[in-house]
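Colleague: The chain contents come next:
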Amino acid sequence: MSVTRHYDREFVRTFFTSPTAVDGEEDSAKMLRSAGQLRGLQAPDVWVPDNEDATAPNMRAEGVENIIDVVANQGAEFPGEIHPRVVWHRESPATRYKGFQQMLEITDPENGAVEHIDGFVIPEVGDIDDWKKADEFFTIIEHEHGLEEGSLSMSVIVESGEAELAMGDLREEMGKPSNNLERMFLLVDGEVDYTKDMRAMTPTGELPPWPELRHNTSRGASAAGLIAVDGPYDDIRDVEGYRERMKDNRAKGMTGIWSLTPGQVVEANTAPLPPKTGSWLLEAGGQEVELEAQDGKQVYDGDDLSLEEVSDGGYVLQAGGDRLELDEDELTEELLDRTAYIPSMTDIVDSMEEFEAAKEAGKGAIAMTQAATLVINGVEVDISKDRMWDEATYQAAQTPITLFQDVYEHRPDQHEELAEMYGADIVERATAVGN
Amino acid sequence: MSVTRHYDREFVRTFFTSPTAVDGEEDSAKMLRSAGQLRGLQAPDVWVPDNEDATAPNMRAEGVENIIDVVANQGAEFPGEIHPRVVWHRESPATRYKGFQQMLEITDPENGAVEHIDGFVIPEVGDIDDWKKADEFFTIIEHEHGLEEGSLSMSVIVESGEAELAMGDLREEMGKPSNNLERMFLLVDGEVDYTKDMRAMTPTGELPPWPELRHNTSRGASAAGLIAVDGPYDDIRDVEGYRERMKDNRAKGMTGIWSLTPGQVVEANTAPLPPKTGSWLLEAGGQEVELEAQDGKQVYDGDDLSLEEVSDGGYVLQAGGDRLELDEDELTEELLDRTAYIPSMTDIVDSMEEFEAAKEAGKGAIAMTQAATLVINGVEVDISKDRMWDEATYQAAQTPITLFQDVYEHRPDQHEELAEMYGADIVERATAVGN
Amino acid sequence: MSVTRHYDREFVRTFFTSPTAVDGEEDSAKMLRSAGQLRGLQAPDVWVPDNEDATAPNMRAEGVENIIDVVANQGAEFPGEIHPRVVWHRESPATRYKGFQQMLEITDPENGAVEHIDGFVIPEVGDIDDWKKADEFFTIIEHEHGLEEGSLSMSVIVESGEAELAMGDLREEMGKPSNNLERMFLLVDGEVDYTKDMRAMTPTGELPPWPELRHNTSRGASAAGLIAVDGPYDDIRDVEGYRERMKDNRAKGMTGIWSLTPGQVVEANTAPLPPKTGSWLLEAGGQEVELEAQDGKQVYDGDDLSLEEVSDGGYVLQAGGDRLELDEDELTEELLDRTAYIPSMTDIVDSMEEFEAAKEAGKGAIAMTQAATLVINGVEVDISKDRMWDEATYQAAQTPITLFQDVYEHRPDQHEELAEMYGADIVERATAVGN
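Protein chains in written order, with this note's numbering: chain A, 1 to 435; chain B, 1 to 435; chain C, 1 to 435.
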């Protein structure tokens with residue numbers, strides 16, 4: 001039981017923008033054509049031919065023609081959804097009217113692209129009444145072109161304070177008879193322009209982290225049955241930073257993120273899926289360090305924690321300034337407190353299947369165990385972590401599996417890579433569990 | 001002057017749930033009976049016989065009978081309020097109707113429990129219109145059973161994005177003539193299901209911290225004159241973690257927390273009360289370390305800070321990579337910047353009494369001094385911290401005292417333990433000050 | 001294109017309060033008179049003769065007379081705006097009526113002060129309907145005294161949960177015909193009373209950081225075309241802490257802050273302006289350390305990072321527990337990842353001018369380079385950071401320049417100090433760029 005989502009796909013991992021027309025190239029649609037050929041993990045869940053910021057203002061008329069050309073020719077084969085971004089601005093009627101004209105042209109059935117167009121992305125929206133203006137243009141276009149009312153979905157870029165507030169009103173506005181806001185699909189943060197709109201400044205010019213904006217976007221999406229997507233991560237060389245940002249986003253319920261390159265698309269398509277192998281974390285020096293698996297043991301080789309067996313069953317654990325003298329039980333206890341386990345896809349599927357069997361047999365809760373041999377300074381310690389699984393744990397664990405199943409259903413072009421990544425057997429079990 | 005609170009108790013420290021019927025026991029109400037016998041610091045401010053998630057679906061009919069039986073027999077003696085949780089779901093009319101039937105039965109005057117029932121807890125609420133549906137059932141029940149309208153209070157579990165948004169509407173909805181939302185009492189976060197509803201994921205499966213949700217709950221409670229309560233802390237072995245969470249909550253204005261065991265109840269009943277003895281904090285290695293009191297001196301024995309007297313009145317302080325050469329005044333200044341004092345109950349009462357006397361004498365502000373001898377590497381340094389107390393400081397300091405007085409008024413069963421904890425004299429002064 | 005701001009000044013850096021009448025002084029208006037003589041960087045953008053918390057209740061009648069006296073005599077020469085704070089409380093009609101009377105008296109044209117009064121600050125507001133009550137009093141006063149409707153601006157202190165929520169409603173309420181809320185100017189956080197209202201507690205009694213409140217204030221200001229100002233920073237000795245708070249605020253889009261002393265005014269007038277000289281940050285020991293410029297090189301002299309050239313073109317970099325063996329390219333790469341550059345006013349103006357020229361020449365993006373020689377343990381490494389500048393980067397970089405230009409336009413009394421700070425040449429270029 002959850003909010004009804006008005007679209008087929010439940011998750012969007014990747015939102016990939018391409019310039020629609022680049023000046024100075026022999027073929028101004030070159031980037032568009034090559035993006036349209038992406039497949040598998042390199043292909044985004046949502047592809048956005050970007051006729052706004054990624055394309056120079058004087059190239060946007062040509063951009064419209066390029067979108068039509070490329071989508072008409074390549075759209076049928078493209079594995080993700082296609083949502084061009086048009087121009088829009090909450091403060092400019094002229095820009096809004098241009099956006100309407102771009103959409104009207106792109107969706108003209110005579111141009112042959114509309115059957116592959118899933119919707120449009122509207123940037124720079126303002127308060128909810130501004131969203132309604134865009135929605136009204138969608139409705140007019142649908143009638144003008146004989147499309148089903150509500151068939152074109154609408155996504156917005158949240159890049160102003162008033163748009164952030166509007167996300168709190170969306171749920172109750174969506175049901176009103178004088179709009180078709182049920183067409184809403186993605187709420188996408190646009191932190192560059194949001195930062196400008198909020199007049200925020202950082203010493204180095206890097207973007208503020210805006211945790212509250214991302215929370216509010218995720219909450220707005222949850223309340224209205226939509227999907228939340230984070231904005232672009234500019235430093236495309238910084239893969240580690242991109243991963244950290246996505247991890248932080250997922251803890252907020254924001255699964256999707258903007259991708260600027262096919263490389264970022266691969267990262268962002270992969271990151272929210274459970275890992276192939278599980279791993280152990282150890283708290284050392286105020287941080288959680290991922291241990292290295294060697295011959296089935298979990299090895300810590302940092303300097304922030306040291307362990308010595310000083311007598312038979314007597315240990316000294318040094319952590320920062322603290323020196324703890326511990327017997328074997330105390331040591332195990334201390335290490336249990338300091339460790340956490342990141343379950344693999346197999347672990348999750350195993351646990352879910354086991355819990356389902358237990359429930360079938362009339363049991364409401366079972367204990368799951370994760371055991372490991374830790375190695376600190378060459379000293380080996382066996383630990384074993386129990387976790388109770390009840391209905392709530394089961395359902396919470398289901399989110400990554402539901403995501404995986406959604407991906408599997410909607411992205412057949414990724415089946416091969418997923419089978420390579422996990423093995424065909426676990427992929428099959430993962431698609432079956434929980435249904 | 002503050003928002004009018006529509007109930008007697010101003011604070012709720014503890015929200016303790018018990019399964020209403022456990023299968024396989026000779027007496028399925030065993031846990032309910034034993035919870036109903038808790039007294040003193042082990043007894044919660046609000047006790048929640050939980051006929052929802054803590055009780056298996058097929059046991060909930062029996063759970064209703066057990067609630068009636070136990071509350072009718074033990075309710076008169078129970079020292080806290082009693083608010084059973086019934087089933088509810090924003091997406092399921094059938095579940096809502098079941099919740100209504102459970103409440104109707106529990107409150108039937110012929111069953112003898114209703115006079116000890118203070119209200120009900122409604123889980124899984126949605127937007128404000130969903131809250132009104134529950135409220136309407138309360139009103140119908142009150143009329144049906146000849147109870148005073150509004151006499152049953154309503155608390156909700158916030159475990160969806162739309163419920164989080166609803167807390168922002170509550171204040172203005174509460175006054176409307178077509179509802180009785182003035183019956184609202186607690187806003188309780190339910191992070192397990194909230195995480196599921198937001199589709200959030202963390203690598204290890206632990207719950208995200210959701211700071212914005214907790215802020216919004218606390219703010220919603222403040223704006224509507226209600227009480228904010230945080231959700232369950234699952235790792236019941238981790239007392240330190242539970243305390244840290246409560247400290248973080250109190251800095252957000254959220255004084256109450258869910259308790260899963262009598263042990264957690266004791267912790268959560270005690271944590272928001274001022275400590276028996278004051279203590280000093282010293283900033284070392286990027287953290288605030290609590291100093292150890294030895295013979296009236298405050299001793300630091302960590303490795304992150306070292307102090308040496310290199311000449312008469314000349315000192316070297318080493319902190320991390322920094323080496324500071326300081327004379328005595330500079331050293332005192334540096335240590336003042338690095339220290340903070342956590343006042344005891346006695347300190348707070350002393351300061352308030354002193355300020356009240358000064359105000360009586362026509363003075364608007366007074367300086368309060370805290371002095372200590374610090375010992376770092378055996379080197380002793382005397383410091384003395386002044387703080388101006390004006391009306392605003394006085395009123396801010398009053399929050400823990402108001403809480404203490406509220407506890408003292410409503411929980412006579414805790415008087416003995418409080419006197420043991422603080423001494424009878426300071427308890428008496430603390431109950432008198434500020435009135 | 002942005003939300004229309006209904007006032008001349010676009011930024012307010014400083015909000016400086018003075019008691020209006022101090023008991024026991026020969027001249028109770030002494031502090032007011034001396035504050036009214038502040039000029040240049042010591043003078044705030046907004047000066048607030050404070051007839052509420054800073055002034056004892058029994059002195060407030062005299063405070064009104066003092067405001068009139070001092071503003072009538074000194075107001076014409078004062079370089080900032082003047083917004084007295086009067087009494088108000090969302091829960092007390094008597095206090096509200098007193099606030100009305102104070103404003104009515106201060107603005108009486110016969111008293112000679114009103115032509116220098118820019119508006120009033122209303123503390124302790126509640127929900128939006130409470131803001132409307134204050135607005136209505138402004139309107140009545142304007143009619144009573146023959147002032148233009150809407151000419152007095154209104155600022156509020158946000159110090160309750162309901163006022164925080166009201167900031168979300170402001171944008172849509174401002175346009176309604178039955179109020180004049182277009183007069184709104186500043187949204188000022190008041191964390192002392194907010195903490196009390198939220199009933200929040202910290203062990204040492206220091207104020208919680210309230211990041212969500214500050215975000216919501218900044219967002220509310222952005223959405224309604226107003227200016228966000230943070231509350232008082234009590235520890236006036238702690239300059240470093242005050243600067244950190246302002247840096248954190250600017251990253252939230254909150255440029256203004258309360259100042260309690262002329263010293264704090266200087267800090268807060270200066271902090272949001274770009275620095276005179278650029279500087280380099282190096283990530284070491286989990287922190288960003290500002291490097292020291294020596295003979296044009298950037299020197300790191302901490303302990304958390306060490307570098308050694310072990311062979312020709314072979315390096316060992318030690319960071320915490322990690323030991324990295326790197327060749328020259330890898331070293332450069334690693335150090336690029338660990339460094340960031342804080343641009344100076346000159347850097348920003350240079351880059352903007354360069355981008356403007358490029359745009360003029362038809363180019364949409366250019367690469368800007370920052371080069372430096374780092375010195376770690378005496379080992380020198382040259383690095384060079386490229387950053388692409390496109391229209392969005394350009395516009396984002398503009399915020400500090402727009403601020404500077406706004407200051408320059410409205411504060412001629414600061415021209416001399418600004419020229420001293422930056423040099424006349426760069427000041428002139430900074431006032432011209434981007435227009």
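The hints are simulated quantities; they were obtained by calculation from the structure and are not laboratory data.
Incorrect hints may appear among the rest.
What the hints assert, rightly or not - Derived Cβ-Cβ restraints for the label pairs, each shown as a range:
| no. | chain 1 | residue 1 | chain 2 | residue 2 | range |
| --- | --- | --- | --- | --- | --- |
| 1 | C | R243 | A | D382 | 48 to 58 Å |
| 2 | A | E328 | C | S311 | 43 to 53 Å |
| 3 | C | D8 | B | D248 | 50 to 60 Å |
| 4 | A | R33 | C | G241 | 21 to 31 Å |
| 5 | A | D301 | C | P211 | 45 to 55 Å |
| 6 | B | D235 | A | N435 | 39 to 49 Å |
| 7 | C | K276 | A | E240 | 27 to 37 Å |
| 8 | C | D238 | B | E356 | 24 to 34 Å |
| 9 | A | E356 | B | R387 | 39 to 49 Å |
| 10 | B | S311 | C | R237 | 40 to 50 Å |
| 11 | B | R243 | A | D382 | 22 to 32 Å |
| 12 | B | A61 | C | D248 | 32 to 42 Å |
Unchecked claim - Some chain B residues judged to face chain C by a derived CB distance under 7 Å, without partners named:
| no. | residue |
| --- | --- |
| 13 | G168 |
| 14 | E212 |
| 15 | H215 |
| 16 | A223 |
| 17 | R243 |
| 18 | A251 |
| 19 | K276 |
| 20 | T277 |
| 21 | G278 |
| 22 | G302 |
| 23 | R338 |
| 24 | A340 |
| 25 | S344 |
| 26 | A396 |
| 27 | T399 |
For every residue, glycine included, the Cβ atom is placed at its ideal position computed from N, Cα and C.
Colleague: Now look at each hint and say whether the structure bears it out.
Modeller: Going through the hints against the structure:
{"no.": "1", "hint": "C:R243 / A:D382: 48 to 58 Å", "result": "51 Å, holds"}
{"no.": "2", "hint": "A:E328 / C:S311: 43 to 53 Å", "result": "46 Å, holds"}
{"no.": "3", "hint": "C:D8 / B:D248: 50 to 60 Å", "result": "43 Å, violated"}
{"no.": "4", "hint": "A:R33 / C:G241: 21 to 31 Å", "result": "56 Å, violated"}
{"no.": "5", "hint": "A:D301 / C:P211: 45 to 55 Å", "result": "37 Å, violated"}
{"no.": "6", "hint": "B:D235 / A:N435: 39 to 49 Å", "result": "31 Å, violated"}
{"no.": "7", "hint": "C:K276 / A:E240: 27 to 37 Å", "result": "34 Å, holds"}
{"no.": "8", "hint": "C:D238 / B:E356: 24 to 34 Å", "result": "29 Å, holds"}
{"no.": "9", "hint": "A:E356 / B:R387: 39 to 49 Å", "result": "60 Å, violated"}
{"no.": "10", "hint": "B:S311 / C:R237: 40 to 50 Å", "result": "27 Å, violated"}
{"no.": "11", "hint": "B:R243 / A:D382: 22 to 32 Å", "result": "30 Å, holds"}
{"no.": "12", "hint": "B:A61 / C:D248: 32 to 42 Å", "result": "54 Å, violated"}
{"no.": "13", "hint": "G168", "result": "6 Å, holds"}
{"no.": "14", "hint": "E212", "result": "6 Å, holds"}
{"no.": "15", "hint": "H215", "result": "4 Å, holds"}
{"no.": "16", "hint": "A223", "result": "4 Å, holds"}
{"no.": "17", "hint": "R243", "result": "11 Å, violated"}
{"no.": "18", "hint": "A251", "result": "4 Å, holds"}
{"no.": "19", "hint": "K276", "result": "13 Å, violated"}
{"no.": "20", "hint": "T277", "result": "13 Å, violated"}
{"no.": "21", "hint": "G278", "result": "10 Å, violated"}
{"no.": "22", "hint": "G302", "result": "17 Å, violated"}
{"no.": "23", "hint": "R338", "result": "12 Å, violated"}
{"no.": "24", "hint": "A340", "result": "5 Å, holds"}
{"no.": "25", "hint": "S344", "result": "11 Å, violated"}
{"no.": "26", "hint": "A396", "result": "5 Å, holds"}
{"no.": "27", "hint": "T399", "result": "5 Å, holds"}
Going down the numbered hints, you'll see the structure goes against 3, 4, 5, 6, 9, 10, 12, 17, 19, 20, 21, 22, 23, 25, while the others check out.
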